[in-house]
Amino acid sequence: GESVGLHLPTLSVQEGDNSIINCAYSNSASDYFIWYKQESGKGPQFIIDIRSNMDKRQGQRVTVLLNKTVKHLSLQIAATQPGDSAVYFCAEMDTGRRALTFGSGTRLQVQP
Amino acid sequence: DVKVTQSSRYLVKRTGEKVFLECVQDMDHENMFWYRQDPGLGLRLIYFSYDVKMKEKGDIPEGYSVSREKKERFSLILESASTNQTSMYLCASRGPYNEQFFGPGTRLTVL
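Protein chains in written order, with the working numbering: chain W, 1 to 112; chain Z, 113 to 223.
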């Protein structure tokens, strides 16, 4: 069936560097995408979302890029901090279905 | 801020027991969801509800049922718990712009 996947299971970066987490999706009908951050022992926390009529959206220190041509989504974190260490999930939704489909997650490790 | 709460953070049950996991949201959202999260498998949708007394199966509904008697409360029921239902269970509520907000999770262990 349709699925959402991630290229890298673990990403290690130096504090202060920029991080890029990638995600591929396969459902061409998906029109809404979200990035979540999950710290150990906690539920996923909403970071940023983007709709299919956009190709870029910026938040505080985070940017999401959407390339519908190749069905690729990325999360960029500027000036990565130790508090950014967590597992990051992308999720996609076909709004006709009402529910999100999640990738398996990428662990971001920030080295001091 | 949206608040999604779950009745227990940790739960230990025995095989065959009936288990209730409760979820409450305080933002008058119509859509609520139950997921389970397992290492290497990510979040998988069990059931969701788009209105009171309405429910729809997700990707892995077998062994589960749900109840939505009030808008703010969505319950997940394991009729007869089995060891393969040991997992982290996450409830979510969806806002008007499709963003989903999650509760803290319930880690269920079935012995």
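No lab work stands behind these hints, which were simulated from the structure alone.
Keep in mind that the hints are not guaranteed to be accurate.
[Said to hold, decoys possible] Now the in silico label distances, taken between C-beta atoms and shown as ranges:
| id | chain 1 | residue 1 | chain 2 | residue 2 | range |
| --- | --- | --- | --- | --- | --- |
| 1 | Z | P216 | W | R57 | 24 to 32 Å |
| 2 | Z | T198 | W | P82 | 27 to 35 Å |
| 3 | Z | M166 | W | S28 | 42 to 50 Å |
Computed from a prediction, not measured in an experiment: that's the story for all the values here.
C-beta atoms are modelled at their ideal positions from N, C-alpha and C, and glycine is treated no differently.
Hint check:
1. P216/Z x R57/W: 24 to 32 Å: Cβ of P216/Z to Cβ of R57/W: about 27 Å, so the range 24 to 32 Å holds.
2. T198/Z x P82/W: 27 to 35 Å: Given about 32 Å between the Cβ atoms, the range holds.
3. M166/Z x S28/W: 42 to 50 Å: With a Cβ separation near 28 Å, M166/Z and S28/W fall outside 42 to 50 Å, so the hint is violated.
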